[in-house]
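Assemble the complex: chain A is given as a structure, and chain B must be docked to it using the hints.
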Amino acid sequence: MVRTQVDQPPCPPGGFFPSTLDRLRPPSRARFGHAFHLQLVDNFSRPSVMDIEHHLRWVLLRAQVIDEEAFGRNITNRAMLQQLDMLRDAMYQGYFKLDGFRYQHHNKEVAKHKIVSHYSLLSKLISVKDFRFSSGTSRKILEELQELLDSLSSMIVGTNELVMFLKSFPRLYHQPYCMHLVFENSMFGRQMETEHIISFLLHTKPHHSQELLEDGRLLVVVEVAGDLTEDAWKKCCSALKRCAAKCIKIIITSRCDNISKLGTTGVIALKYLRNEAFWYFFKTLTFGTNDPDKHPRLAFLAMEMARMLNGNFIGANGTAFVLRDNFDIDVWCKVLAFFCGVTHKHISKFGGNPSDLLNQNRPAHLGRMARDCEAFMVYDQYHRSSQEEVPNMTLQDVLYGSAKTHGKFEVLAWRSRIPPYHSHVYACEIQEPKPRAAKRKRSMRNGVMPRLSQGSFSSFDSLMLRHRPEEPAAAAEHAEDGGTSLFSDLPEDLVAEILLRVTPPALQRLRHRRVAGVCRSWRRIIADADFRRRYAHHHRAEITARRDAELALREEAERRADYTSAMYKKSYVRPSRDLVTTLSRTSFI
Amino acid sequence: MEVDKGKGEAEETRKVAEADRDTVTLKSSDGKLFEVSKEAAARLSTVLAGMIAGGSIDDNGTDLKQIGSEALENVVDYCNKHANSIPSAALISSSISFNTAPFKEPEEWERKFVDRLSHDALFDLVEAANFLGMERLLDVTCHKISEMMKGKSPDQIREVFNIKNDYTKEELEEIRQELAWAFYDD
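Residue numbers (the UniProt record's numbering), protein chains in the order written: chain A, 1 to 589; chain B, 1 to 186.
So that you can see chain A by itself, here it is in the shape it has in the complex (with noise of 0.2 Å):
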């Protein structure tokens, strides 16, 4: 059992405030005579955070109590699907929000007590100005909150005529494949897209009406994993319709944007969960029947690794089955750390989160929880039908248990527990460490050349050639500097070739400034005249586009001030670099 139960209502508490106290029309006034008597008394002070906090479970509670109406019914009509998938964006948010702030309150608390001992080791990790609540004061939490409230409860209001006619379509037997599909969270928050192909599977043309009762229907699921073009497509569909069913139907999926145009209908876009509906998805499934307000340590610890996980499905259904596994605040507080570990590793050395990498079917490096020193590698990921054989070890096994392998292998990710059991598989490397060499050896750079033939070469290599006799002096120059740096057995033609392809910013001047500070040579390099005019070259693209935006800034300039408005004309005629100066300076003014 996934989803939460909503056993009772909870009593909301003392201290309504008139505001909310029509809209939340709880079941029976008489129940909450005694909350009624005592707004009366305060109605003239502020409401505390502790009221607002509670309404707004209440609240939280009847969307989820739609919400979970709505699921088990089989909803035809877009308007409605489209209200209820509005209104559980905004339960997430209400959930991410609620909880973020209460497990964060509880949090202080724990820090102040020491309650927990892996607490010191985690505080470090997790930069407190990360929390998102811990930055606003009191009163900022309290009118978020309220806000939060008042657009919920109104959303609420609003959804009488949605309950109402909810009651009219059909409950969905809850077959065991239903079943799965609801305990497992599969189609998690995704209604609106399945009674989408719900409807184009059940839609057939009129005249064809009678070939529903023969046999030789036909579905075809067709997953395209790289590009595929209209040729190839048509071929495929030939060869399909000359198969014997009648009634063919095709579900093509894809990670590229480019099939849209090779389906009948409309594309559905599955997106990657936001946030709050990600938070929403991992507490369900890390937290299981437990009571997430029960153990309000492990949800904040639970909610840190959420937002580390940063939307991977893979990553938050391994994480929740270990930790559902292992209940206990220790362990908890280990796998954050381990994943803190490996994030901020990761920012520091590729400049990103490993999650986005892996969303994105691009390697990343993660590592693993008992062996820190070796190096844990996913190169790519890719679905196996239940028929395919897929791999015994697991990807729990790799990053939080002991398997000893070496080398490049396959781990099984994901298996799904509805039919047909897709399986997702990873392919990775477990790097053994070795002894990095103190220094690494650029001896030969001075070795033999291989005789070059002549007339063959393109203008690279005069390029090459042009810059060779330099290398030498360049060579000693960083050897002084006595680092072993990647960049210093790089001969300077080489550094100036990567520099060369460093995007221009958008619409700030700063990036150079940050390139010549790196280090003497690099601000050397770019100074070149050469470097400046093929840097131009080849970005000129961006560089146009810049120039546009200048001249949109230099307009707004302009406007605000008149007295410059001459020199900013003769900028139009042409842009020179004294201008952007006086820009800069004076759009600072």
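Note that these hints are calculated values from the structure, not bench results.
C-beta: ideal position from N, C-alpha, C; glycine also.
Among the hints, a few may not be true.
Said to hold, decoys possible - No farther apart than 25 Å at their CA atoms in a straight line, the calculated lysine-lysine pairs in the DSS-like style are these: (1) B:K32 x A:K349; (2) A:K271 x B:K112; (3) A:K408 x B:K112; (4) B:K38 x B:K27; (5) A:K408 x B:K32; (6) B:K65 x A:K349.
What the hints assert, rightly or not - A few chain A residues that don't get close to chain B, going by computed Cβ distances all over 10 Å: (7) M50; (8) E53; (9) N77; (10) S154; (11) M155; (12) H196; (13) L218; (14) I251; (15) T264; (16) V267; (17) E276; (18) A277; (19) A337; (20) N353; (21) S402; (22) T503.
Only chain B this time, still in chain A's reference frame:
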């Protein structure tokens, strides 16, 4: 899967190539031998093309003393993968006028190819590509390194690439004051 597939197909092409005696044997600085098809070598590397045309290819392994075995393995891997991928218009045009045309974005497989490399291997590969005159590979690897600098401060860049800061405080301040040169001032 792509890695395995690449290897499997590489082996297959190697076998076919051996039958035709249509391969070039390359020898790394530490004496390891690698084979690559003559066609791919000539197409991708101007230096190797020159050597093939000039007849300076040694059947027992052409010495490439500047290139270590790891880098050479990557080079050969790249050649094989390149042979298996469909050359797109971007590839062809970029090889014609390297020095003047804007850089073409790396293809998906090329991105994956460089993404999986460690920093050391990547820098070794830049040098190997430069030495062998493999424009496209140089393009792809340099692009990857330049991407690593995206959105980073000088301090972060220095940290990532382990570059020593050889500026004095005053000089850094001077750079901060100095206006960046405009890109289009000529």
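Consistency of the hints with the structure:
For the suggested pair K32 of chain B and K349 of chain A, the alpha carbons sit about 31 Å apart, so the restraint of at most 25 Å is broken. Simply put, K271 of chain A and K112 of chain B have alpha-carbon atoms about 23 Å apart, close enough for the 25 Å limit, and the pair holds. About 16 Å separates the Cα atoms of K408 of chain A and K112 of chain B, which keeps this hinted pair within 25 Å; it holds. Proximity of K38 of chain B to K27 of chain B is assessed by CA-CA distance (about 15 Å); at most 25 Å being required, the pair is judged to hold.
Our distance criterion of 25 Å between C-alpha atoms is met by K408 of chain A and K32 of chain B, whose separation comes to about 21 Å. A threshold of 25 Å between alpha carbons decides the hint, and for K65 of chain B with K349 of chain A the separation of about 31 Å lies outside it, so the pair is violated. No Cβ of chain B approaches the Cβ of M50 of chain A within 10 Å, the least distance being about 42 Å, so the stated non-interface status holds. Its beta-carbon lying about 38 Å from the closest one in chain B, E53 of chain A satisfies the requirement of being farther than 10 Å from that chain.
Every C-beta of chain B lies more than 10 Å from that of N77 of chain A, the closest at about 41 Å, which supports listing it as non-interface. Every CB of chain B is more than 10 Å from the CB of S154 of chain A (nearest about 40 Å), matching its label as outside the interface. Listed as a non-interface residue, M155 of chain A keeps its Cβ farther than 10 Å from every Cβ of chain B; the least gap is roughly 38 Å. Distance check on H196 of chain A: its Cβ is at least 29 Å (rounded) from any Cβ of chain B, clearing the 10 Å threshold; non-interface status holds.
With a least beta-carbon separation of about 28 Å from chain B, L218 of chain A lies farther than 10 Å from that chain, consistent with its non-interface assignment. The claim that I251 of chain A lies off the interface holds: its Cβ sits roughly 23 Å from the closest Cβ of chain B, which is beyond the 10 Å cut-off. The Cβ of T264 of chain A lies farther than 10 Å from every Cβ of chain B, with a closest approach of about 28 Å, so its non-interface assignment holds. With a closest Cβ-Cβ approach of about 21 Å to chain B, V267 of chain A is found to remain outside the 10 Å limit, as its non-interface label requires.
Look at E276 of chain A: its CB is around 26 Å from the nearest CB on chain B, clear of 10 Å, so calling it non-interface holds up. Residue placement check: A277 of chain A keeps its beta carbon more than 10 Å from all beta carbons of chain B (closest about 27 Å). No Cβ of chain B comes within 10 Å of the Cβ of A337 of chain A; the nearest lies about 22 Å off, and the non-interface call holds. In this structure N353 of chain A is separated from chain B by more than 10 Å, as the shortest Cβ-Cβ distance comes to about 13 Å.
For S402 of chain A, the condition that its CB be more than 10 Å from all CB atoms of chain B holds, with the nearest at approximately 24 Å. Listed as a non-interface residue, T503 of chain A fails to keep its Cβ farther than 10 Å from every Cβ of chain B; the least gap is roughly 7 Å.
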